[in-house]
Amino acid sequence: MRYLPHTEAERQALLAVVGAGAIAELYVDVPAEARLEGLLDLPPHQGELEVERRLAALAAKNLTAASAPSFIGAGAYRHHVPAAVDHLIQRSEFLTAYTPYQPEVSQGTLQYLFEFQTQVALLTQMEVANASMYDGASACGEAVLMAARVTKRNKVVLSGGLHPHYRDVTVTMTGFSDFRIDARPADLDGSEDLSALADEATACVVVQNPDVFGRPHDLRPLARAAQAKGALLVVAVTEVVSLGALLPPGAMGADIVIAEGQSLGNALGFGGPYLGLFATRQRFVRQTPGRLCGETVDVEGRRGYVLTLSTREQHIRREKATSNICTNSGLCSLAFTIHLALLGEEGFRRLARLNHARALTLADAVNEVEGAEVLNRSFFNEFTVRLAKPAAEVVSAMAERGILAGVPAARLFPEADGAEDLLLLAATETNTEAEIAAFTEALQEVLS
Amino acid sequence: MSQSRDKSGEQVVLGREHAPETTAGHHGLEWEEPLLFELDSAGRAGVDLPEVGLEKNRLGGLERRRPIGLPGLSEPQVVRHFVRLSRKNYAIDAGIYPLGSCTMKHNPRLNEKLARLPGFAEAHPMQPAETVQGALELIDTLAHWLKTLTGMPAVAMSPAAGAQGELCGLMAIRAALEHAGDARQVVLVPESAHGTNPATAAICGYQVEAIPGNGRGRVDLAQIEARLDTDVAAIMITNPNTCGLFEYDINRIAEAVHGAGGYVYCDGANFNAIVGLVRPGDLGIDCMHINLHKTFSTPHGGGGPGSGPVVFSEALAPFVPLPYVVHGADGYRLVEHRDQEPGAALSFGRLKAFHGQMGMFIRALAYMLSHGSDGLRQVAEDAVLNANYVLARLKDVMTPSYEGPCMHEVLFDDGFLKDTGVSTLDFAKAMIDEGVHPMTMYFPLVVHGAMLIEPTESESRHSLDQFIAIMRRLAEDAKAGRVERFHGAPFYSPRRRLDEVRAARQPVLRWSAPTAEAAE
Amino acid sequence: MSSIRYTQDHEWLRLDGGTATCGITDYAQEQLGDVVFVELPQVGASYAAGDEAAVVESVKAAAEVYAPIAGKIAAVNDAIVNDPSLVNGDPMGEGWFFQITPDDAAEIESLMDENAYKTFTEGLG
Numbered sequence: 001m002r003y004l005p006h007t008e009a010e011r012q013a014l015l016a017v018v019g020a021g022a023i024a025e026l027y028v029d030v031p032a033e034a035r036l037e038g039l040l041d042l043p044p045h046q047g048e049l050e051v052e053r054r055l056a057a058l059a060a061k062n063l064t065a066a067s068a069p070s071f072i073g074a075g076a077y078r079h080h081v082p083a084a085v086d087h088l089i090q091r092s093e094f095l096t097a098y099t100p101y102q103p104e105v106s107q108g109t110l111q112y113l114f115e116f117q118t119q120v121a122l123l124t125q126m127e128v129a130n131a132s133m134y135d136g137a138s139a140c141g142e143a144v145l146m147a148a149r150v151t152k153r154n155k156v157v158l159s160g161g162l163h164p165h166y167r168d169v170t171v172t173m174t175g176f177s178d179f180r181i182d183a184r185p186a187d188l189d190g191s192e193d194l195s196a197l198a199d200e201a202t203a204c205v206v207v208q209n210p211d212v213f214g215r216p217h218d219l220r221p222l223a224r225a226a227q228a229k230g231a232l233l234v235v236a237v238t239e240v241v242s243l244g245a246l247l248p249p250g251a252m253g254a255d256i257v258i259a260e261g262q263s264l265g266n267a268l269g270f271g272g273p274y275l276g277l278f279a280t281r282q283r284f285v286r287q288t289p290g291r292l293c294g295e296t297v298d299v300e301g302r303r304g305y306v307l308t309l310s311t312r313e314q315h316i317r318r319e320k321a322t323s324n325i326c327t328n329s330g331l332c333s334l335a336f337t338i339h340l341a342l343l344g345e346e347g348f349r350r351l352a353r354l355n356h357a358r359a360l361t362l363a364d365a366v367n368e369v370e371g372a373e374v375l376n377r378s379f380f381n382e383f384t385v386r387l388a389k390p391a392a393e394v395v396s397a398m399a400e401r402g403i404l405a406g407v408p409a410a411r412l413f414p415e416a417d418g419a420e421d422l423l424l425l426a427a428t429e430t431n432t433e434a435e436i437a438a439f440t441e442a443l444q445e446v447l448s
Numbered sequence: 001m002s003q004s005r006d007k008s009g010e011q012v013v014l015g016r017e018h019a020p021e022t023t024a025g026h027h028g029l030e031w032e033e034p035l036l037f038e039l040d041s042a043g044r045a046g047v048d049l050p051e052v053g054l055e056k057n058r059l060g061g062l063e064r065r066r067p068i069g070l071p072g073l074s075e076p077q078v079v080r081h082f083v084r085l086s087r088k089n090y091a092i093d094a095g096i097y098p099l100g101s102c103t104m105k106h107n108p109r110l111n112e113k114l115a116r117l118p119g120f121a122e123a124h125p126m127q128p129a130e131t132v133q134g135a136l137e138l139i140d141t142l143a144h145w146l147k148t149l150t151g152m153p154a155v156a157m158s159p160a161a162g163a164q165g166e167l168c169g170l171m172a173i174r175a176a177l178e179h180a181g182d183a184r185q186v187v188l189v190p191e192s193a194h195g196t197n198p199a200t201a202a203i204c205g206y207q208v209e210a211i212p213g214n215g216r217g218r219v220d221l222a223q224i225e226a227r228l229d230t231d232v233a234a235i236m237i238t239n240p241n242t243c244g245l246f247e248y249d250i251n252r253i254a255e256a257v258h259g260a261g262g263y264v265y266c267d268g269a270n271f272n273a274i275v276g277l278v279r280p281g282d283l284g285i286d287c288m289h290i291n292l293h294k295t296f297s298t299p300h301g302g303g304g305p306g307s308g309p310v311v312f313s314e315a316l317a318p319f320v321p322l323p324y325v326v327h328g329a330d331g332y333r334l335v336e337h338r339d340q341e342p343g344a345a346l347s348f349g350r351l352k353a354f355h356g357q358m359g360m361f362i363r364a365l366a367y368m369l370s371h372g373s374d375g376l377r378q379v380a381e382d383a384v385l386n387a388n389y390v391l392a393r394l395k396d397v398m399t400p401s402y403e404g405p406c407m408h409e410v411l412f413d414d415g416f417l418k419d420t421g422v423s424t425l426d427f428a429k430a431m432i433d434e435g436v437h438p439m440t441m442y443f444p445l446v447v448h449g450a451m452l453i454e455p456t457e458s459e460s461r462h463s464l465d466q467f468i469a470i471m472r473r474l475a476e477d478a479k480a481g482r483v484e485r486f487h488g489a490p491f492y493s494p495r496r497r498l499d500e501v502r503a504a505r506q507p508v509l510r511w512s513a514p515t516a517e518a519a520e
Numbered sequence: 001m002s003s004i005r006y007t008q009d010h011e012w013l014r015l016d017g018g019t020a021t022c023g024i025t026d027y028a029q030e031q032l033g034d035v036v037f038v039e040l041p042q043v044g045a046s047y048a049a050g051d052e053a054a055v056v057e058s059v060k061a062a063a064e065v066y067a068p069i070a071g072k073i074a075a076v077n078d079a080i081v082n083d084p085s086l087v088n089g090d091p092m093g094e095g096w097f098f099q100i101t102p103d104d105a106a107e108i109e110s111l112m113d114e115n116a117y118k119t120f121t122e123g124l125g
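Protein chains in written order, with the numbering used here: chain X, 1 to 448; chain Y, 1 to 520; chain W, 1 to 125.
With the rest of the complex left out, here is chain X:
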C-alpha cells in the first residue's frame, strides 16, 4: 500500500520495542464484541490507474460548463481563474500546512491572511475583515448572531431578496436560541420596503445586494432607518465581482458585510468548498466570529503576523465563545488572494465591466426572444426573466440541447406564487457572443 511506509518486518520490529506480541494487544480497551474480526464489505486497495478510471467515469457522466454553454448564477459564478493561481495553491507549503498556531513557522500563511483581510476590507469598504468562514450562507448566520450580541436584541428581519439558502441557514443557526426571525416573502416584483420594519427590538436587517433576482439597490435609506432604531444593517453579497462596478455596502452604511468569495480564485466545483467573507466596523471587532490575523513584531523587532484576539474563540472561551468555528477556508482564501493580486485595481474593474457588458448582451438577446422578457430595470451580471412556459421545463429542454440555462426561481422559492415562470440567468466574462447566440436560438425553439 503505497501510502504506508512500514514493511511487515518493520512492524514486527516496532512491536518488539513496544513490548507487544501483536497489534491487537494495543486495542485491549475495545470491548470484545465491538472488535471487527474480518474486513468490512468494501473493495480492497487499488492502484492509481484504477482509482483514476473509476472517478473519471463519474466525472464523464456530468454535463458541465467545460463543454456546454452555461448561464447559471444563483449564488455561485463561473469565472476564469488564471493558471498561476492553481499552481501556487498546490505548493506543498500552502497545500499541506496546518493552521498557523505556531506563527514562527507559519509566516507564509499568516502574511497572506493579512493581505486577504485587507483585500476584503477594501472591496467591501469596511474597516476590518476576518480570515474567512465556511461560505457566504454560514457567514450570514454568524452575522445575525453577532448583531444580537452587539445590540443585545433578538428580532431579525430577513429580506425577501436574500438568497433562500442564506435565509434557511440563518434560520437554522438561530433556531435553538431565543430569536424572532421575520423572513419576508420572496420579493419577486422588487416592491419590498424594509425601512418601516426596524424597531427598538430589532437586532439587524439582512439584505442582499445585488439581490437574488439580480437587482442592485441603494441601501442608504434603509441603513439610516435601521440605525435610527439602533439596529444593524447586514448586507450579503453573493457575487464579489459586482464590487468592481457597484457602490460597495460600506459606502451605503452597512454595519456588517458578508459575502461568498467563490467567484475569485475558486472553481464552481459542484458547490464546495467555497469561502465566506466577513467584514465589519472596527468597534465591533471583539464581537466578530472566526479567525483574525494581526500584525506584530518578533523579539528582534521585525514585523510579523499572528492569529490574534483568540480569546473569542472556542479553544479558549469554550461555551462563551463568539462561535464554535474551528476551520476557516484556508486554501480557498489563498486562491482568492492570489487571483485578486493578479487582477489588481485595473484588472478587477475591467473584469466587472466585462461581466456587466456580457449580461447586457444576453439581456438584449433574451428580450428579442418571443415568450421571454427580462424583468430587471437594473442588474450587474444576473437577472430574472419571465417565460411563457414553466421555467423548470424550459431548463430541462435546454439541457437536452446541451445548454445550461440558468436556475428556475421555483427551485429556490418553491413556496412563492408566480415563481414558476421565472428564470434566473447569469452571464460572465466566460460567455462568448457565440454562446449567447446559441442560447437564444435554443430558447426560441423551446418556447415555440
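Derived from the structure by calculation, the hints contain no laboratory data.
Some clues are possibly wrong.
[Said to hold, decoys possible] Facing chain X, from chain Y, some residues (calculated, C-beta under 8 Å): (1) 31; (2) 377; (3) 493.
Since the model is a prediction, treat every value here as computed from it, not as a measurement.
All C-beta atoms in this analysis are idealised placements derived from N, C-alpha and C, irrespective of residue type, glycine included.
The hints should help you fit chains Y and W onto chain X, whose structure is shown.
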C-alpha cells in the same frame, strides 16, 4: 566553506560569527517579503482583459467610482511574492507534524488531480439533476463508505467542517427530542473535551456541564450515571478521547444515557485509531462527525477547507439536514425542501448553501478507494503502532500522563520539566529549531502543560527515530539546565518569537494606506 | 490591619467610606498573564454577590470577574480599558476595576481576610 589563509599560509575556516548583515534582510534562500500593497504600481495588472466602456449601462445609477485601493502587480511579481511566502511555512510534505488530534497524514496528489477533473470542477451546484448524475453518484458512494465504516444507517454530507458537523449532530438531537415532546436543557461534556464541544452545545441553546475524568484518563462513568436525569439531552464524547485513550466504558455509558432518554454524540476527530477495526455504531453512538481532513487525508490548506459529514442512528435519521442525495429508479436526485418527500419532513433545516464540500468528497473517496478495506484497517493499526512506539521510546525521559498503551496519540505532561525553568511552550519552540513542528500544547486541559503527540501512519521508522532522538535530546538539555536554547527559541525560523500581547492589545488587522500627514 | 477582603475567585474588595473598590488579585493577574482587554460594567448597574460583572482577557485566557458583594456600580476605571497592563503592574492599586455601593455592608465580613486568602492561595499550589 568560507576559507582564508592565515599568515603562515594555513587554510582557516571562518566561523559563522563572521556572517554579514545583509542589505535587504535576505539570508541565502530565505527572503524577506513585503506586503502586496507595498509592491504596488498604479495601473499595472497581472491579467490581460479586454477593455469595455460602460457609458451605456444598467447599473441603476449605483456605479462604484472611487478607487478601491487594490495594488497592481504583474504575473511574475505575484508568483514570486507567493513563492517567497510559501517558503516561510512548515508543511507535512516537508516534515513530521506530530499534532495530537489533528491527524496530519500525507495528502496524496492523486486526490488533487481528480478533484480538478473538469467534469467535477466545472459543475455548478444548481444544475438540473439529470446533468450531474456522476457528481450525485460520487456523493452517494462516499456516503456508502462512511456508513459502512461506521456501521451507521444514515449520513449527512453537507457540514462544512468538524465544528459544523458537531452543530449538525446536536441540532438533530435537539430536533428529535422536541419532536418527541421531551425537550431537555443539559448536555454533558467530559472535562477533557475539545473547546468546540461546549461552544457547539451552547449555540444549540444547551447548558453545558462538565464531567470529570476517573484518574485514569477516561471520563468517569459513575459521575455520568449519577448526573443522568430527565433534563440531560445528550453526552458529547470523544472516542478515542483527547488523552489518546479508548473510552473502555463506552458501551455502559451509551446504555446509561439511552436508559435516561438521552443521546450519545461522538466527536470523531480521532477516528484514525479505529477505522476499519471498530464501528462506532457498535459502541452505542447515535451520531458522530467525521473530519475528512483528518482521517481521510484531505489537505489542511493552512487552516481549511475541511469537511465534516455526520453519521446517524436510525432514531436520528429523520432529522438530518437538507439537502441530501437519494438514489431511486430514475437515478440520483437532491432533496432540497421539506415538502419534497416524506422523508424530509422532519429535517432540522439547512446548514450550508448548496450541497457540501464536493472538492473534499472527491479527495476523500479517492483516498478510500486507494486504501480499500484492507488498507484502511492497516492505517489504523500503523497509526496506533507508531504512537505506542513513540511512547515506548520516550517514557523514560518524559512523563506520560497515563499508564498503559495509547491509541493513535500519546499524552505527556510537563512533569519531566519540573524545576528546569523550561515550560511546555519553551520546549515546543525549541522543537522548531530542531526542524520539527511542535506537538499540540496545553490541550487537553486535564493535565498540566499537556503535550499531545500524534505521529500518524505516514511516518517511516527513520522519521520516527529522528523525532524521538530530537525529543530525547531536548529533554536532556532541559534537565541539564541549558535554558538559553529554550528561552530564546526559536532561533532558526523565519521569525523568532512574536509579541502576541501587543497584537491583542493594539490589534492591527489590515494594511492601511499611509495618510498624507504620515507621508510627510 | 488591612481592610482588604478577598473572594475565592480572586477578587479583592476595599471599603472606602460608603463604596467598595474592587479588582483582581496579584495571584489572578499572574495566572492570566499579560492582560490585553477588559470589559467593565455599566455605572448604575445592580449585581448580586457572585454575578458576573466584568471580563478580563489575556492572550491565552478569558476570565469572568464577579461582584464580591451585592450592590450598585458607582464608578468604573477607564484607565485599565486604555492601558490593560495596569492590571498586571498594579492589580491592587491603579489596576482596580469598579467601585460598588454595597446593598449591605455587613456582607463584606463574610469574605476572606488577608491571612485567610494567603492560606487559600497557598493551598492551590
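For each hint, the structure was consulted:
1. 31: With a closest approach of 11 Å, the residue 31(Y) hint is violated.
2. 377: Since chain X brings a Cβ to about 7 Å from residue 377(Y), closer than 8 Å, the hint holds.
3. 493: The hint holds - residue 493(Y) has a Cβ within 8 Å of chain X, the shortest such distance being about 4 Å.
In summary, the structure is inconsistent with hint 1 from the numbered list given earlier, while agreeing with all the others.
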